[in-house]
Structures are given as C-alpha cells and as structure tokens.
Amino acid sequence: VVVSTIIFSDRRMFEQLVNSFPGRVVASIDFRGTSVSISGWTTEYPVLPEVAAAECDYLPLHSLIATDVSVEGRLTGIDIAGVRRIRKVVKHPLIVAGGVSGVDDLMALRRCGADGAILGRILYGQRSSFMKLVEGFRNKM
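In the working numbering, the protein residues as written are 1 to 141.
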C-alpha cells in the first residue's frame with residue numbers, strides 16, 4: 001500500500017496503518033522546493049521534505065518515495081541536493097521520482113544513496129527505452 005496525503009492529514013490513522021502492516025506500507029512524500037505538497041499537489045504543507053521524511057522513518061515502513069513535483073514529468077533532471085538531505089535522515093529504502101532525464105541522473109541517484117527511481121515520462125514519452133537505460137546504467141558502473 002502506498003500512502004501520501006494521509007501522512008499529514010490523519011497522522012493517527014497513518015501510524016495505525018503502518019503498525020498494523022509492518023514492512024508493507026510505502027510512505028510517499030511529494031514536495032516542491034522547501035514544502036510538502038498534498039491533496040494531489042493542490043495544497044502546500046509547510047514542512048521541509050527531509051523533516052517530513054524523518055518523522056516517518058521511525059515507523060516500520062517498507063520504503064519511502066520522494067517525488068519532486070516541481071520537475072515531475074519534465075525530464076529536466078533531479079534535485080540531487082534535495083535527495084541527499086532526505087537520504088541523510090531515512091534508513092528505509094528511498095525511491096526517487098520526478099525529473100529523471102537519463103542515465104546520468106540514475107547514476108547520480110545511485111551515488112547519493114537512493115535505492116531506486118520511478119521512471120515515467122522518459123519511458124512513455126519515448127525519449128528512451130527501458131533496455132537502453134539499463135544498458136547505459138550498466139556501462140557506467
């Protein structure tokens with residue numbers, strides 16, 4: 001189960017869900033700059049993304065997804081500094097989304113400790129194929 005807005009709108013329910021299904025819930029934090037975006041990116045929640053991530057990390061989550069909605073679907077590259085700030089405070093696997101434009105971004109995510117990436121527009125926009133990304137990633141390792 002992947003949850004997002006409920007993390008901030010009903011903390012008690014979020015914690016009950018995670019504690020009822022340890023290791024099976026993914027917390028997804030969408031952010032834009034220095035605030036978290038909730039309710040389908042329509043509302044800004046005034047907390048730093050890394051603080052929001054740290055406040056989830058004590059729970060028995062499966063993993064955490066961090067999505068930079070300011071670059072989501074734009075293929076403009078990732079905010080590596082933002083990813084590093086989140087990685088510093090999260091012990092769970094960290095999956096990053098938003099802005100991945102190619103193999104160089106995937107390598108940068110690997111170097112800063114991300115455990116995975118969500119690839120959207122780069123694949124369905126036919127900018128690259130999955131196999132080309134895999135081959136490019138392997139060649140740079």
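Everything labelled a hint here was simulated from the structure, so no lab data went into it. The structure presented is a predicted model; accordingly, all values stated were derived computationally and were not measured. Take these hints with a grain of salt, some might be off.
To be verified - Cut-off 20 Å, straight-line C-alpha distance, at most; resulting in silico cross-link-like pairs (DMTMM-like, lysine to aspartate or glutamate):
| # | residue 1 | residue 2 |
| --- | --- | --- |
| 1 | 91 | 57 |
| 2 | 91 | 115 |
| 3 | 88 | 55 |
| 4 | 88 | 115 |
| 5 | 132 | 104 |
| 6 | 140 | 104 |
| 7 | 91 | 10 |
| 8 | 91 | 135 |
| 9 | 91 | 72 |
| 10 | 88 | 57 |
Results of checking the hints against the structure:
no., hint, result
1, 91 with 57, "holds, 7 Å"
2, 91 with 115, "holds, 11 Å"
3, 88 with 55, "holds, 13 Å"
4, 88 with 115, "holds, 13 Å"
5, 132 with 104, "holds, 13 Å"
6, 140 with 104, "holds, 9 Å"
7, 91 with 10, "violated, 23 Å"
8, 91 with 135, "violated, 29 Å"
9, 91 with 72, "violated, 24 Å"
10, 88 with 57, "holds, 11 Å"
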